[in-house]
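Colleague: Take a look at the letters that make up each chain.
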Amino acid sequence: MTRNKAKKKTRSELTVGEVAARSGLAVSAIQFYESKGLIVGTRTAGRRRLYGSDVLPRVAVIKTAQSVGIPLSAMRDILTLLPTERVPSRDDWNIFLDTWRSDVDKRVARLHSLRAELLKCETCGCLSAETCPLLAAENAHET
Amino acid sequence: MSVAKKSAPAGPAPARELTVGEVAARSGVAVSAIHFYESKGLIKGWRTVGNQRRYPREVLRRVAVIKVSQRVGIPLSAIHDALTSLPKGRTPTAEDWGTLSARWRADLDDRITRLKKLRDDLTSCIGCGCLSLDSCPLYNPGDRCAKEGPGPQLLDPDLMVDSE
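Chains as they are written, first to last, in my numbering: chain A, 1 to 143; chain G, 1001 to 1164.
These aren't lab readings, by the way, just hints derived from the structure by calculation.
Wrong hints could be hidden among the right ones.
Pairs of lysine-lysine residues, derived as DSS-like cross-links and limited to a Cα-Cα distance of at most 27 Å, are as follows [claimed, not checked]: (1) A:Lys106 - A:Lys120; (2) A:Lys36 - A:Lys106; (3) G:Lys1088 - A:Lys106; (4) G:Lys1116 - A:Lys120; (5) G:Lys1088 - G:Lys1040; (6) G:Lys1117 - A:Lys106; (7) G:Lys1088 - G:Lys1044.
Same shape as in the complex, but just chain A (with noise of 0.2 Å):
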């Protein structure tokens, strides 16, 4: 776990500035994802934070995920899959990428089926919570 040392910035590690800079996101949306487990980086001697350069590939992924709508808690278990206490290789790459493309194929599957559900809803129109099949199917769901 050498990343994890304190220590000075070498010329490929970024600064949280230079992140930001590099991502077109603010740096407080760098220290979130930080806080929330997305992205790992190491603290110098004074405390600074420092990323690999393999933070600008994680951001580019959490951000265009963001970006249509995925929960950052769905892109957490995804990005497991990619290791954090070494640069990933083009194999951990490739899982990754596998992985998250079935994710998605997941979910518009999903919102295809919201969308039929929505439909039969909206042509049965009986908006009544106490009948209702598909309340009745969500709150058994839920239980």
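Since the structure of chain A is provided, determine the placement of chain G on it from the hints.
Modeller: The following block gives chain G in isolation, referenced to the frame of chain A:
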């Protein structure tokens, strides 16, 4: 479609108003959720002299609209805005629901379109396999693509939404 009035407490028919427990039981929603909806201004009730909550029967219809909307992923804030935009904040009629539902469907369509685009991008990404920090527009938002502005360029940055 009349909404029960707070100012008419004199001898209301028992079936016309519901306790929070009755609303929960009939709608299949937890009591805590009913309280939450009320705190967010999505439903309205009143208090008895004994300070117990009461709701008009129409609240069931409102809860149905909220639940279905939530189920398709519409944030409560958007549901709130949609409900309060109805004339006099009325309980949605079948026609109102048709309008809302069509809006939610358009929203779903938009999300589907964006996810499909992402899927295609990820496919070409995997197919490309370059995984190069120097050349991949997804991985390398700041350098090669800096002239086009920061952020991932392969995926449309205009689609960024506030996740808060």
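Colleague: Hint by hint, note whether the structure agrees.
Modeller: For each hint, the structure was consulted:
1. A:Lys106 - A:Lys120: holds, 21 Å
2. A:Lys36 - A:Lys106: holds, 24 Å
3. G:Lys1088 - A:Lys106: violated, 40 Å
4. G:Lys1116 - A:Lys120: Cα-Cα ~24 Å, so holds.
5. G:Lys1088 - G:Lys1040: holds, 17 Å
6. G:Lys1117 - A:Lys106: Given that 27 Å is the threshold and the Cα spacing comes to 14 Å, the pair holds.
7. G:Lys1088 - G:Lys1044: At roughly 13 Å apart (the allowed maximum being 27 Å), G:Lys1044 and G:Lys1088 satisfy the hint.
In the structure shown, a violation is registered for the earlier hint numbered 3 alone.
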